[in-house]
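J.: What follows is the residue order along each chain.
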Amino acid sequence: MKPLIMKFGGTSVQAPEQRRRAAERAVQAKADGFAPVVVVSAMGRKGEPYATDTLVGLLDQIGPRVQPREKDLLMACGEIISTVIMAHLIQTVGAYPTVALTGGQAGLLTDRAFGKARILAIDPARVERALTEGKIPVVAGFQGTTRSADEREHGAVTTLGRGGSDTTASALGAALHAAEVQIFSDVPGIMTADPSIVPQARTLRAITYQEICEMAHLGARVLHPRSAEIAMDYGIPLRVLDTMGTDDRGTLIVREPPRSREREHGVTAVANSEVVAPLSLTVGQAADKPYIERETLIRLAHAGVSVYFVSATPQTLSFVVDKEVLETARDALQDVHIHVQRPGRATAEYFVGPEGSRRPDAKLISLWIGSDCVVVSVIGRGLRHVPGVMARMAEALEGAGIEILQVAGSSNALSCLVPAERRDEAVIRLHDKFHLHLVDEDQVAV
Amino acid sequence: MEKRPAAPSEGWLGPDEYWAAAGLRRGEMGFEPPRGVTRIEARPGLDHFVLPTPGPPKDLARVFRPLTDAGVSVDLVKLHENGLHFALSSSEAPRAQQVLAGLGYQLQPTPNCAIITVYAPDMRSIPGIMGRIVSALQHAGVAILETDDSYNCVFCLIECDQTRAACAALASEFGLEAEATEGPIVEW
Chain A
11 MKPLIMKFGG
21 TSVQAPEQRR
31 RAAERAVQAK
41 ADGFAPVVVV
51 SAMGRKGEPY
61 ATDTLVGLLD
71 QIGPRVQPRE
81 KDLLMACGEI
91 ISTVIMAHLI
101 QTVGAYPTVA
111 LTGGQAGLLT
121 DRAFGKARIL
131 AIDPARVERA
141 LTEGKIPVVA
151 GFQGTTRSAD
161 EREHGAVTTL
171 GRGGSDTTAS
181 ALGAALHAAE
191 VQIFSDVPGI
201 MTADPSIVPQ
211 ARTLRAITYQ
221 EICEMAHLGA
231 RVLHPRSAEI
241 AMDYGIPLRV
251 LDTMGTDDRG
261 TLIVREPPRS
271 REREHGVTAV
281 ANSEVVAPLS
291 LTVGQAADKP
301 YIERETLIRL
311 AHAGVSVYFV
321 SATPQTLSFV
331 VDKEVLETAR
341 DALQDVHIHV
351 QRPGRATAEY
361 FVGPEGSRRP
371 DAKLISLWIG
381 SDCVVVSVIG
391 RGLRHVPGVM
401 ARMAEALEGA
411 GIEILQVAGS
421 SNALSCLVPA
431 ERRDEAVIRL
441 HDKFHLHLVD
451 EDQVAV
Chain B
112 MEKRPAAPSE
122 GWLGPDEYWA
132 AAGLRRGEMG
142 FEPPRGVTRI
152 EARPGLDHFV
162 LPTPGPPKDL
172 ARVFRPLTDA
182 GVSVDLVKLH
192 ENGLHFALSS
202 SEAPRAQQVL
212 AGLGYQLQPT
222 PNCAIITVYA
232 PDMRSIPGIM
242 GRIVSALQHA
252 GVAILETDDS
262 YNCVFCLIEC
272 DQTRAACAAL
282 ASEFGLEAEA
292 TEGPIVEW
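For the protein sequence lines, the chains are A and B, in the order given. First residue of the first sequence: 11, per the working numbering; consecutive thereafter. First residue of the second sequence: 112, per the working numbering; consecutive thereafter.
Bound conformation, chain B alone (with noise of 0.2 angstroms):
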C-alpha cells in the first residue's frame, strides 16, 4: 500500500496567529521574531563553472591552491559524481580560467548568474524551508543551478535574468510585505 506523508509537524504559529497571541498588530515584532523566512536578497555578477572529473572530486587543494594564489576567491564549493561545481565573481573569471587552463583543467561556465540567498533564523527547526523554495522557483519556471546551506539561510545558484522572478516568486511564497520585492538586488 502506498505510504501518505505524515502530518506535518505540530506547534509552530503562523504569521497571524503569532500576533495575535503576542497581542500585537500585523507586522509588528514580538520579543523574539516569528519562525520562518525573514528576508531575501541577491548577488549577481558571478560565473558558475564545471570542472568534470572522472568520478567524485579529489585533490581539491589541487584546484584551489592555484586559485588562491591568483587572488581569486571561489564560492560556492559542490562535490557531484562526475564534476566539481562552484562560483566566482564574473570579474575574476577569466583569471580564474586561464590559472586552471594553464594546469590542464577544462571548465565548463555558465556565465551572468545569481545568488539568490533566503534568510530563515532558526531555519533548521522548521522542517519544510528547502521544499518550499525549490518549489516557488519551480513554478516560476527559474532553474535552479546549484544550493547551498546554512542554519540561517538558503542560497539558490540561478541566471541572472531570472532574478526579479525569483525573488518575486519567493516574497510571495513566504508572505513577506510587498517593499520586500521591490528593490531585493543587493550587492554583498
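Isolated chain A (complex conformation) (with noise of 0.2 angstroms):
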C-alpha cells in the first residue's frame, strides 16, 4: 500500500465536527487502500485552551525572558494532545488501530536552533513499522529532536518554526515516498487572490512548487513555501483540500503547470503582503556612500531585522521593512554616528537623526521613515521573462489613481510597492487587469 500523508491544520482539528470530518477522511483513505499517515496542528488559534498561542501566553504572563529550549518544549504540547485526541478518536471512528507519535519518535531529527529549527535527517522506521503492521500512524506536527548527543540529554524537543506542520508532513511524504501529501484546512485550494479582498478569486486546480513558494512569500497565506521547497526537491505532489468541503480535487502542486488558458498571460494569481515601512537614507558625501551602506545593512542584520526592495542611488539608500519591526529597525539606525575610513584618506564621521546630538564634526545623514506600505505582486511561473507585464501592472495601478512607490521581481514575480490604504483596490484592479477571474475550469487540466 502506498503511503497517503494528511496533515489537519489547526482550524481542521479545533471542534469534535472538524476532528470527526478528518478522521473520517483518514479512515476513507485507508479504505480506498492507502497507507494513511496522519500529520496534525495544535487544536484551533489563539484562546483556544489548547492552540499553541495560548501555551505560550502562560509563560508570557510570567515573565519575557523563556529559555528557547523549555519554551519548545512547551510548544509542542499543543501537536502532541492534538495527536493523542486523533490517534483516539480515527481507532473509534473506523476500528483501524493506531499510533500517535511525537515528530522526534517518527523520526524527525533537527538541529537545535530552537523555535526554527530545520530537519537534519528522518528515521521513519518507527513509522514504517506501523505502517506494515496495518495501523494508522498520527504524528505531532511541527517538531521533531536533536540527536542524543546533544544538549546531553536523550534529545532535546524542537520545534520547526512557522508553518511547521507543512513541513513534517512534506518531510515525511518525502522520507516515505508517499503518493501525495494532502494539506487540509478551511479553504477549498489555493485561490487566485486573498477571497477577502476579491470576491471573484477562484481555486486554482493547478499550481507549480516554484509559484506557490512565491505567492507564500509575497504574503499569500497559503501552504508553507517551506513545505513546498521539501516538495519538490525530493518530487513529492502536494495538495490542498478543505476538510469539510466535497469538492476532492483541492488546488494540486506539481512541478510542471498544466498546458491551459491558466497560462495564458504567464500570471497565476495575486498576492499582497502585511503592512511594511519605507525607509530611505541620503548621505550629503556620494565617495561615502557604499560604506555607510554597508554599514546600515550590517547594523539592521545585527538587529535581526531583514530588508527588502533594496534599491541605491549614488546618494540614497531605500529599502522596506516589516512594519512589525519598524521601531527595532530605527532603533539601530536612528541617533548612531558611523565612523567611515576610505583608504588614503582621514577618517569621516556621520550622525543618522535628528540634528539634535550630533557632534559638531560629524556630517548629518538624513532618515526618511515614510507612511504605510503594502506589497502587491502578480506571480507566475517564470514571469520575469514575459514582455508586457510591467506595462500592464503600471496600467491597472496607475490607471485607478493608484501611485507606484517601488518596484522589485524575481523569476516569477513583479511585485509593487503601493499605499497601504489602496491596498484592496489595487488587488481587485490587478486580479481584474491579468482577467484572472475568466479561467474556465473545464479547460484547466491536471
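Bear in mind the hints are in silico, worked out from the structure with no lab data behind them. Check the hints yourself; a few may be wrong.
[What the hints assert, rightly or not] Keeping only pairs whose Cα atoms sit at most 27 angstroms apart, straight-line, the calculated DSSO-like set for lysine-lysine is:
{"#": "1", "chain 1": "A", "residue 1": "Lys40", "chain 2": "A", "residue 2": "Lys145"}
{"#": "2", "chain 1": "A", "residue 1": "Lys56", "chain 2": "A", "residue 2": "Lys12"}
{"#": "3", "chain 1": "A", "residue 1": "Lys40", "chain 2": "A", "residue 2": "Lys12"}
{"#": "4", "chain 1": "A", "residue 1": "Lys333", "chain 2": "A", "residue 2": "Lys126"}
{"#": "5", "chain 1": "A", "residue 1": "Lys443", "chain 2": "B", "residue 2": "Lys169"}
{"#": "6", "chain 1": "B", "residue 1": "Lys169", "chain 2": "A", "residue 2": "Lys333"}
[To be verified] Just so you have them, the derived chain B footprint on chain A, three or more residues with Cβ under 8 angstroms:
{"#": "7", "segment": "129-142"}
{"#": "8", "segment": "231-240"}
Keep in mind the model is a prediction, meaning the values are calculated, not measured. Heads up, the beta-carbon is just placed ideally off N, CA and C, and yes, glycines get one too.
With the hints as a guide, bring both chains together as one complex.
T.: See below:
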C-alpha cells in the first residue's frame, strides 16, 4: 500500500465536528487502499485552550525572558495533545489500530535552532513499522528532536517554526516516498487572490512549486513555502484541500504547469503583503555612501531586521521593513554615529537622525520613514521573461490613481509597493487586469 | 552615548556545525539544505538606462506600454527620487532608445552591464545577506549600479568587465566551493 500523508491544520482539528470529519477522511483513505499517515497541528487558534499561542501565553504571563529550549518543550505539547486525541478518534471511528507519535518518535532529527529548527535527517523506521502492522500513525507536526548526543540528554524537543506542521507533512512524504501529501485546512485550495479582498477569486486546480513558494513569501496565506520546497526537492505531489468540503480536487501542486488558459497571460495569482514601512537614508558625500550603506545593512542585520525592496543611488539607500520591526530598525539606525575610513583618506564621521545629539564635526545623514505601504504582486512561472507584465501592472494601478512607489522582481513574480490604504483596490485591479476570474475550469487540465 | 549594534541572531548553524550536527561529511547535504547562499550566477549582455524625471517617476505605463508594443522586455525596474531606472537586453537597446526618443524621452545609458544573481533560499529569515554582498563587492572594488531582491535571491547590476571579480568575491564571502567560481557566467 502506498503511503498517503494527510495533514490536518489547527482549524481542521479545533472542534469535534471538524475532528470527526478529519478522522473519517483518514479511515476512508485506508479503506481506499492507501497507507495513511496523519499529521496534526495543535487544536484551534489563539484563545482556544490547547492552541500553541495559548500555551505560550502561560509563559508570557510570568515574564518575557523564556528560555528557547523550554519554550519549544511547551509549544510541542499542543500538537502532542492533538495527536493523542486524533489517534483515539480514528481508532474509534474506523476500527483501525492507530499509534500516536511525537515528531521525534516519528524520526524527525533537527538542528539545535530552537523555535526555528531545520530538519537534518529523518529515520522513518518507527512509522514504517506501524504501517507494516496495519496501523494508522498519527504524528505530531511542527516538532522534532536533536540528536541524543546534543544537550547531554536524550534529544531536546525542537519546533520547526511558522508553518511547521506543513513542513512535517512534506518531510514525511519525502522520507516515505508517499503517493501524495494532502494539506487540509478551511479553504477549498489555493485561490487566485485573497477571497476576502476579491470575491471573484477562484480556486486554482493546479499550480507549480515555484509559484506557491513565491505566493507564500509575498504574503498569501497558503501553504508554508518550506513545505513546498521540500516537496519540490524530493518530487512529492502536494494537494491543498478543505477538510469539510465536498470537492476533493482541491489544488494540486506539481513541478510543471498544466497546459491551459490558466497560463495565457503568464500570471497565475495576485498576492498582497502585510503592512510594511519604507525607509530611506540620504548621504551628502557620495564617495562615502557605499561604506555607509554597508554599515547600515550590517547594523540592521545585527538587530535581526530583514530588508527588502532595496534600491540605491549614489546618495541614497532605500528599502522596506516589516511594520512589526520598524521600531527595531529605527532604534538600530537613528541617533548613531558612523565612522567611514576610506583608503588614503582621513576618517569621516556621520550621524544618522535628528540634529540634536550630533557631534559638531559629524556630517548628517537624514533618515526618512514613509507612510504605511503594502506590496502587491503578480505571480507566474518564469514571469520575469514574459514581456509586458510591467506595463500591464502600471496600467492597472495607475489607471485607478494608485501611486507605484517602488518595483521589485524575481524569476516568478513582479511586485509593486503601494500605499497601504489602497491595498484592496490594487489587488482587485490587478486580478481584473490579468483576467484571473475568467478562466473556464473545464479547460484547466490537472 | 553611541549605540552599539546588538549581537547577531543566535541559533543558526554555520556550515561546519551543520555537517557535524547532521553526522555528515563536509559538503554533503542533509535533509534540508543549510541556510545561506547556495549559488551565484551572472547574466551579461544588458544595458542599464536612467530616464531622468523632475521628481519621483509617475505614469510608468506611458514608458512601458510603448516598449511592450515594440517587443522590448524590461528588467530591474527601479524608481528613484529623480529618475526611472531599468535594464534591458543590449540587443533591444537601440529599439528602446528609438521608441522613447520618439516620445520625447532622453535616456542616459550605461552599456555592457551584467546582473549577478546570488541565490539564498529562505533569505529573509537570515538578516545580513544583503549587507555581506554589498560589503564583499565593495572590498573587491566592484561598483553596484542597481540592486533588486526577492525571497530567495539578490540581483546586483554591475559593469560587465567586473563580473569575474564580483563572482570571485561573492564566492569567497559565502564560502562556496572553488568550482563554483570557475565558470559562473551563464546565459539565462
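J.: All hints are to be evaluated individually against the structure, with a verdict given for each.
T.: Status of the hints after comparison with the structure:
For a cut-off of 27 angstroms, the pair hint linking Lys40(A) to Lys145(A) stands: about 10 angstroms separates their Cα positions. Note on Lys56(A) and Lys12(A): the hinted pairing is violated, with a Cα-Cα distance of about 36 angstroms set against a maximum of 27 angstroms. Between Lys40(A) and Lys12(A) the alpha-carbon distance is near 10 angstroms, which keeps this suggested pair within the 27 angstroms criterion. Between the alpha carbons of Lys333(A) and Lys126(A) the distance comes to roughly 21 angstroms, so the proposed pair stays at or under 27 angstroms and holds.
Of the supplied pair hints, the one linking Lys443(A) and Lys169(B) holds, its CA atoms being roughly 19 angstroms apart against a limit of 27 angstroms. Between Lys169(B) and Lys333(A) the CA atoms are separated by roughly 25 angstroms; this keeps the pair inside 27 angstroms, and the hint holds. Here the segment 129-142 of chain A counts 4 residues with a CB under 8 angstroms from a CB of chain B, which clears the bar of 3, and the coverage holds. Coverage of the segment 231-240 of chain A by chain B holds in this model, with 4 residues showing a Cβ closer than 8 angstroms to a Cβ of that chain against a need of three.
In summary, the one numbered hint that this structure violates is 2.
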